[in-house]
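Engineer: Chain by chain, the residues run as shown.
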Amino acid sequence: DAGVTQSPTHLIKTRGQQVTLRCSPKSGHDTVSWYQQALGQGPQFIFQYYEEEERQRGNFPDRFSGHQFPNYSSELNVNALLLGDSALYLCASMSQGSYNSPLHFGNGTRLTVT
Amino acid sequence: SQKIEQNSEALNIQEGKTATLTCNYTNYSPAYLQWYRQDPGRGPVFLLLIRENEKEKRKERLKVTFDTTLKQSLFHITASQPADSATYLCALANTNAGKSTFGDGTTLTVKP
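Here the protein sequences come in this chain order: C and P. Quick note, the first sequence lines up with residues 14 to 127 if you use our numbering. Quick note, the second sequence lines up with residues 271 to 382 if you use our numbering.
One chain only, chain C, in its complex shape:
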């Protein structure tokens, strides 16, 4: 049973560029949440996707956008990258029918902006 998979594992971009990160949820899960984790800090909620729509959003600017596909996989896009966007980006999945079930996380994409 495959867990949450994310790609790529590492990425280096230059300030001002755009980046796309990808996530495949755990088998049987239909809801995907994205989190940003800066070094030494806890994950911060970016947004959540269900039925191909953004359902909840955290305190992140519009430069952060996403998409969910019919097979429940998801993408996170960040435009006009800033140095402060350097972080570990985590994808977490869950089943919509189990709202208070725990999250299943992938191992993240480490983004470095230079």
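Because the hints were derived from the structure by calculation, they are not lab data. Be a bit skeptical, because a hint or two may be false.
What the hints assert, rightly or not - Rough simulated footprint, nothing fancy, chain P against chain C, three-plus residues with beta-carbon under 8 Å:
(1) 49 to 58
(2) 102 to 110
(3) 114 to 121
Said to hold, decoys possible - So the derived list for chain P, only partly shown, Cβ under 7 Å to chain C, looks like this:
(4) Y298
(5) D309
(6) G313
(7) P314
(8) F316
(9) L319
(10) I320
(11) A367
(12) G368
(13) K369
(14) G373
(15) G375
(16) T379
Glycine included, C-beta positions come from ideal geometry on N, C-alpha and C.
We have chain C already, so just place chain P on it with the hints.
Structural biologist: Showing chain P alone in chain C's frame:
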């Protein structure tokens, strides 16, 4: 604004002792609280979940308590082992676990 504080950035204990980690929160009325373990370079892994109407939950060597009056959770690892060394994250949520608020974690080191 909502705030979660975990007792300290680092906790060092001797193998076999009980580790106790603290999670305090303000400006929040969570429906439930979760504890996750995170190893370097990896994503968080779920350990335990406790609901607001529960006082205590156990799983093998792990125990979590939840006091909604004090706005505090305690996480205990009994008979600690070097393999328990990791960062432990506390997370709060209302009805939607997908939108959880995390603390900054406590890094536990268990010395042989």
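Engineer: All hints, please: hold or fail.
Structural biologist: Okay, the hints, checked on the actual structure:
Check result for the region 49 to 58 of chain C against chain P: holds, 6 residues qualifying (beta carbon to beta carbon below 8 Å, three or more required). Only residues whose C-beta sits within less than 8 Å of a C-beta in chain P count toward coverage, and the region 102 to 110 of chain C has 3 of them, enough to reach three; the restraint holds. Counting residues of the region 114 to 121 of chain C whose C-beta lies closer than 8 Å to any C-beta of chain P gives 8; at least three are required, and the coverage claim holds. Residue-level restraint check for Y298 (chain P) is violated (minimum Cβ-Cβ distance to chain C is 14 Å; threshold 7 Å).
Among the interface hints, the one on D309 (chain P) is violated; its C-beta lies about 10 Å from the nearest C-beta in chain C, farther than the 7 Å criterion. Checking G313 (chain P) against chain C by beta carbon gives a least distance of about 3 Å; that is within 7 Å, so the hint holds. Against a cut-off of 7 Å between C-beta atoms, the interface hint on P314 (chain P) holds, since the closest Cβ of chain C lies about 5 Å away. Checking F316 (chain P) against chain C: minimum C-beta separation of about 4 Å stays under 7 Å; hint holds.
Using the Cβ-Cβ criterion of 7 Å, the hint placing L319 (chain P) at the interface with chain C is satisfied: the shortest such distance is roughly 6 Å. Restraint check, I320 (chain P) versus chain C: the minimum CB separation of about 11 Å is more than 7 Å; hint violated. Taking 7 Å as the C-beta contact cut-off toward chain C, the hint placing A367 (chain P) at the interface holds, the least distance being around 6 Å. Because the closest C-beta pair between G368 (chain P) and chain C is about 4 Å apart, less than 7 Å, the hint holds.
With a cut of 7 Å, the hint placing K369 (chain P) at the interface with chain C holds, because the nearest CB-to-CB distance is about 5 Å. A cut of 7 Å between beta carbons decides the hint on G373 (chain P): the least distance to chain C is about 5 Å, and the hint holds. Evaluation of the G375 (chain P) hint against chain C yields a held restraint, the C-beta minimum of about 6 Å falling below 7 Å. The interface hint given for T379 (chain P) is broken, as the beta carbon of that residue sits about 16 Å from the closest beta carbon of chain C, more than 7 Å.
Of the numbered hints given earlier, the model fails hints 4, 5, 10 and 16; all others are met.
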